[in-house]
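Q: Listed below, chain by chain, are the residues.
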Amino acid sequence: MPVKQLETRVRHLPDLAIIDLQGEIDSFAEHILDAAYSDAESKLPNTILLNFTKVDYINSTGIALIVSLLARARKSQRYLAVCGLSEHYIEIFRITRLADFMNIYPDEAKALVDVQKSTTRTQ
Amino acid sequence: MTTMLRKFWQNVIGQVEKEELATVSDMSVRLNREFDADFQFAPNDPLLVHFLNASGTVEVEKLNFDSPALKKLKEAGVRFVVPLISQGELIGLLNLGARLSEQDYSGDDQRLLNNLASQAAPALRVAQLVRQRHLEARERERLEQELRVARIIQETLLPKEVPIVTGWRTAAYWQPARAVGGDFYDFIDLPDGRLGLVIGDVTDKGVPAALVMATTRSVLRAAAERFPAPGQVLERSNNLLCVDIPRNMFVTCLYAILDPTSGRIHYANAGHNLPFWRRLSGVEELRATGMPLGLMPDLNYEENETHLAPGESLLLYSDGLVEAHNLQREMFSFNRLRKLVGIHPGGIRLIEFLLAELAEFTGEEWEQEDDVTFVTLERLTNSNHDDPSITIETRQIASEDRRILAEFQLPSEPGRERQAVEHVALAVTELQLPSARLEKLKTAVAEATMNAIEHGNHFKPELPVSIKVLASEAVLTVSITDKGGDQIIPEKDAPNLEAKLAGLQSSRGWGLFLIKNMVDEMRINTDQSHHTVELKLFLKGGQDASQTT
Numbered sequence: 010m011p012v013k014q015l016e017t018r019v020r021h022l023p024d025l026a027i028i029d030l031q032g033e034i035d036s037f038a039e040h041i042l043d044a045a046y047s048d049a050e051s052k053l054p055n056t057i058l059l060n061f062t063k064v065d066y067i068n069s070t071g072i073a074l075i076v077s078l079l080a081r082a083r084k085s086q087r088y089l090a091v092c093g094l095s096e097h098y099i100e101i102f103r104i105t106r107l108a109d110f111m112n113i114y115p116d117e118a119k120a121l122v123d124v125q126k127s128t129t130r131t132q
Numbered sequence: 023m024t025t026m027l028r029k030f031w032q033n034v035i036g037q038v039e040k041e042e043l044a045t046v047s048d049m050s051v052r053l054n055r056e057f058d059a060d061f062q063f064a065p066n067d068p069l070l071v072h073f074l075n076a077s078g079t080v081e082v083e084k085l086n087f088d089s090p091a092l093k094k095l096k097e098a099g100v101r102f103v104v105p106l107i108s109q110g111e112l113i114g115l116l117n118l119g120a121r122l123s124e125q126d127y128s129g130d131d132q133r134l135l136n137n138l139a140s141q142a143a144p145a146l147r148v149a150q151l152v153r154q155r156h157l158e159a160r161e162r163e164r165l166e167q168e169l170r171v172a173r174i175i176q177e178t179l180l181p182k183e184v185p186i187v188t189g190w191r192t193a194a195y196w197q198p199a200r201a202v203g204g205d206f207y208d209f210i211d212l213p214d215g216r217l218g219l220v221i222g223d224v225t226d227k228g229v230p231a232a233l234v235m236a237t238t239r240s241v242l243r244a245a246a247e248r249f250p251a252p253g254q255v256l257e258r259s260n261n262l263l264c265v266d267i268p269r270n271m272f273v274t275c276l277y278a279i280l281d282p283t284s285g286r287i288h289y290a291n292a293g294h295n296l297p298f299w300r301r302l303s304g305v306e307e308l309r310a311t312g313m314p315l316g317l318m319p320d321l322n323y324e325e326n327e328t329h330l331a332p333g334e335s336l337l338l339y340s341d342g343l344v345e346a347h348n349l350q351r352e353m354f355s356f357n358r359l360r361k362l363v364g365i366h367p368g369g370i371r372l373i374e375f376l377l378a379e380l381a382e383f384t385g386e387e388w389e390q391e392d393d394v395t396f397v398t399l400e401r402l403t404n405s406n407h408d409d410p411s412i413t414i415e416t417r418q419i420a421s422e423d424r425r426i427l428a429e430f431q432l433p434s435e436p437g438r439e440r441q442a443v444e445h446v447a448l449a450v451t452e453l454q455l456p457s458a459r460l461e462k463l464k465t466a467v468a469e470a471t472m473n474a475i476e477h478g479n480h481f482k483p484e485l486p487v488s489i490k491v492l493a494s495e496a497v498l499t500v501s502i503t504d505k506g507g508d509q510i511i512p513e514k515d516a517p518n519l520e521a522k523l524a525g526l527q528s529s530r531g532w533g534l535f536l537i538k539n540m541v542d543e544m545r546i547n548t549d550q551s552h553h554t555v556e557l558k559l560f561l562k563g564g565q566d567a568s569q570t571t
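First to last, the sequence lines map onto chains A and E.
For the first sequence, the residue numbers in this note's numbering are 10 to 132.
For the second sequence, the residue numbers in this note's numbering are 23 to 571.
Incorrect hints may have been included.
Under 10 Å between C-beta atoms, here's a sample of chain A residues computed to sit facing chain E [as the list claims (entries may be wrong)]: (1) I67; (2) S69; (3) R83; (4) Y98; (5) I101; (6) F110; (7) I113; (8) D116.
If you are wondering where the hints come from, they were derived from the structure by calculation, not from laboratory data.
No residue lacks a Cβ here, since even glycine has one placed at the ideal position from N, Cα and C.
This is chain A alone, in the form it adopts within the complex (with noise of 0.2 Å):
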């Protein structure tokens, strides 16, 4: 069976940074994952978005890796947001009550309107 491994692309827009995700969260996308936040970070944006847009499965294990990208962003007093989520995801992020602790938008466009919004407000 193969797997798709999972392929990141960050882009650095002002106060934010968005990991585009493509293919599956899971135990083999850990290290790939890791190196894509500490990218996305090193510009020290407010807000990381993670673009679920084209990932179509995610296991426990990537709960459990978005879990852990949560206390990061926590620990350096970052935002962690997601977009792109299928309905099912976002009953996940529900069910597993990440949803309480991050933004969850349908897709890119809501999220930069957003976060710009609350930038706006803090300036």
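Chain E: place on chain A using the hints.
A: Leaving out everything else, chain E in the frame of chain A:
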């Protein structure tokens, strides 16, 4: 012993004397007259003891004691008797009359006879045992045939079809533990369009219970035609049964009268399981007190009344379900039944659902312990009242209606859970699950398979994970089995996200939690060598059942 010896006379004397002896030893012999092949030794005949202790051929003329058998042998002209002894038991005699040549038997003749006897005895014993088995098999076949007829007769005592009542639907199921049983149910047409419903359970099983069941049914029917109130019907039936019923037997029975127009149900109970009333607001029991029928005469039976609203239903049932045991000797229990009644919309499909649950609970090797009977009564809502597609259910609902949709194995390698998900998703295509339900099932299958690969089989590729997908009309079950039967899987508490974020707990540990939240029910069964997780989706009435997206 008597029987065996009698068989000997029939099987050995008649044939050996006339055919084999003459041929084998070329010792033509004659008897004075035909020996009585039906002659039976008395158990205390001293000749028996003599033969048992004899070391070989016995010369009859030399015996001189009081014995009816000895007298018979002498009258028949028997000169020599060779006792045939197998494993210390006298199983036959080889009798020889005088030789036709009128010469005496020589010492060689006697040695030949002794040799013959030592070989004939075990052969004869085997032949006797074969014949005995054959007769026993014929007897068993005869009894089974009688039981088949009894079953047919008993089935004729049950309603051949459920009643058709405008605005209502009924269904029933009856499965005795043996060929015949003590459970019964009945529908009785009453004046003014009312309908009597009966469910009963005779103590004991099999033929004795079936005979009492037949009597009880007749008595109840007669009483129902004569008395208008359910309590009176049970009181009258009890008094009649007390006269005829064997000691230590009794009958639990619930009798209810439905007024289909108003929805009123008037009922009395003679110690039977309390029916479950599936209301729109939840599940309740219909309570009424009363002793079982047949225990003692002149008892009174409490009567109560309730009202079924459209969409509500009743379940009447016998002990066979709630007292069924699984491999761990746990009982199905009233609580489990009540819970299941609560999560199912009720009505006629409830029976299929409960049978599937029972099969799941007890496992495939279960030998039915007691008769299982259900009767459901459902009041239709206005929306389904006029639906022409609704048909009246017939009595017998298949108990083994689960189909295997897929069965496969995977090596215990990381990432194989994705393959399991694909296979299961393909297998359940025909069920047309709402997409949200399907996604949840896929996640649960993935997590359970991962656990099996990692924790059960420790990533050893040679150890397979076995997956089976089964479906009935009411339940979809995916069972995932690994080889980790000797391990105890702890029930984990719900993960504490705050603690994980604070670094007080590992960020992992979401697997079981996710599974439990993805399916309607999760069960874990463990034996010495296997560990099985069962994932269940209720296809009717479970969570998200209304989703169509």
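Q: Could you check the structure against the hints above and give me the numbers of any it violates, in ascending order?
A: Per hint list: 7 and 8 violated.
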